[in-house]
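In terms of the numbering used here, the sequence shown is residues 294 to 633.
You may find that some hints are simply not true.
As the list claims (entries may be wrong) - In the DSSO-like style, the derived pairs of lysine-lysine whose C-alpha atoms are separated by at most 27 Å in a straight line are:
1. LYS458 / LYS402
2. LYS514 / LYS402
3. LYS475 / LYS402
4. LYS431 / LYS514
Simulated from the structure, these hints should not be mistaken for lab results.
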Amino acid sequence: RRLRGGRTKKLELKDRGIMEKSLKKGNRFSTLIRKAGVLWVMIVLYAVSVCVDPSHFLTGRNQINLLRNISLNGIIGLGMTFIILTGGIDLSVGSTVSVVAVSVAALLKNGVNPFLAVLAGILIGAAIGLINGLGVTKGKIPAFIMTLGTMTALEGVALIISAGKPVSWTESGIDFTWIGQKSLLGVPVVAFLFVILLLVCAFVLRYTPFGRGVYAIGDNKSAAKLCGINTFGVETLAYVIGGVLAAVTAIVYISRLNVGGPTVGNSMEMDAISITVIGGTSTSGGTGGVFGTLIGAGIIVIISNILNLLGVTAFVQQVVEGLIIILAVLLERLRDNRKS
Numbered sequence: 294r295r296l297r298g299g300r301t302k303k304l305e306l307k308d309r310g311i312m313e314k315s316l317k318k319g320n321r322f323s324t325l326i327r328k329a330g331v332l333w334v335m336i337v338l339y340a341v342s343v344c345v346d347p348s349h350f351l352t353g354r355n356q357i358n359l360l361r362n363i364s365l366n367g368i369i370g371l372g373m374t375f376i377i378l379t380g381g382i383d384l385s386v387g388s389t390v391s392v393v394a395v396s397v398a399a400l401l402k403n404g405v406n407p408f409l410a411v412l413a414g415i416l417i418g419a420a421i422g423l424i425n426g427l428g429v430t431k432g433k434i435p436a437f438i439m440t441l442g443t444m445t446a447l448e449g450v451a452l453i454i455s456a457g458k459p460v461s462w463t464e465s466g467i468d469f470t471w472i473g474q475k476s477l478l479g480v481p482v483v484a485f486l487f488v489i490l491l492l493v494c495a496f497v498l499r500y501t502p503f504g505r506g507v508y509a510i511g512d513n514k515s516a517a518k519l520c521g522i523n524t525f526g527v528e529t530l531a532y533v534i535g536g537v538l539a540a541v542t543a544i545v546y547i548s549r550l551n552v553g554g555p556t557v558g559n560s561m562e563m564d565a566i567s568i569t570v571i572g573g574t575s576t577s578g579g580t581g582g583v584f585g586t587l588i589g590a591g592i593i594v595i596i597s598n599i600l601n602l603l604g605v606t607a608f609v610q611q612v613v614e615g616l617i618i619i620l621a622v623l624l625e626r627l628r629d630n631r632k633s
């Protein structure tokens with residue numbers, strides 16, 4: 294009897310192990326299907342663009358512009374991915390872009406070394422992210438309210454720094470176009486920058502304790518705390534990363550335009566949220582990743598390009614983008630309901 298009981302127990306444990314493995318495989322398979330579905334949407338949109346106006350869409354210049362725009366939108370989307378994965382939100386990333394843009398432009402105008410100006414811009418972005426993170430974690434202020442307040446304040450700061458006017462540094466003789474306008478081997482420099490950041494973020498989320506903590510907090514913050522995860526540190530750092538990547542976006546943007554404006558980041562927070570959500574990152578946190586954000590950036594940029602080719606105004610494009618966000622969240626909710 295003891296022998297039979299022991300064998301039975303071993304068989305039960307073996308069956309349980311097989312079930313757990315199959316469940317993990319099932320989860321991975323469903324995740325791949327979801328990502329593949331979004332990828333197919335991007336491929337179909339690209340094909341539609343080719344059919345709409347092949348003479349303009351397939352030109353080398355337009356393809357380079359697509360790559361630049363995907364990279365630019367993707368960088369700020371990477372930062373938003375970290376934040377949304379924790380179950381948070383950051384409405385201030387657009388205003389952060391504006392503040393960093395005018396600050397770096399003002400430094401360049403005064404003859405500051407470009408490297409030091411870039412470093413200062415990144416530190417400003419990190420400081421803004423830290424303020425948001427501390428407000429959410431220590432101040433217990435809901436992320437929506439905290440970042441809404443920061444967004445409003447930063448809009449005023451950008452206008453104060455620039456006196457309400459675009460800031461140009463052309464008179465200083467400094468060439469700062471290499472990030473936003475230059476190419477390497479026919480590929481925009483910003484695309485290389487985006488790929489590097491994408492791979493670093495993917496590595497951090499997948500293979501580091503911090504990355505696992507980000508997913509754990511988004512999935513269940515209380516359980517993550519009981520498991521010994523430093524929820525305060527992880528959540529705060531997620532907002533710092535968001536601020537830093539918003540600063541990088543600002544630096545690339547002013548390098549591309551050769552001027553820093555106080556309203557340059559207007560509505561960029563909506564672009565970042567759209568890219569992240571469309572890419573499959575759950576608004577409730579705990580599910581998603583940066584490669585989905587890449588696909589989301591591609592979808593948004595290609596749709597914008599199609600609408601431009603069709604002569605649709607920017608106002609209508611904004612309406613379309615808003616509807617896409619609603620549709621993406623609705624599909625996410627329907628998927629979650631089916632699982633439950």
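Consistency of the hints with the structure:
1. Using a Cα cut-off of 27 Å, the hinted pair LYS458 and LYS402 holds, with the two alpha carbons roughly 14 Å apart.
2. Straight-line distance between C-alpha atoms of LYS514 and LYS402 comes to about 45 Å, which puts the hinted pair past the 27 Å bound.
3. Of the pairs offered as hints, the one joining LYS475 and LYS402 holds, with about 21 Å between alpha carbons and a cut-off of 27 Å not exceeded.
4. Simply put, LYS431 and LYS514 have alpha-carbon atoms about 15 Å apart, close enough for the 27 Å limit, and the pair holds.
The structure does not agree with numbered hint 2 stated previously, though it agrees with all others.
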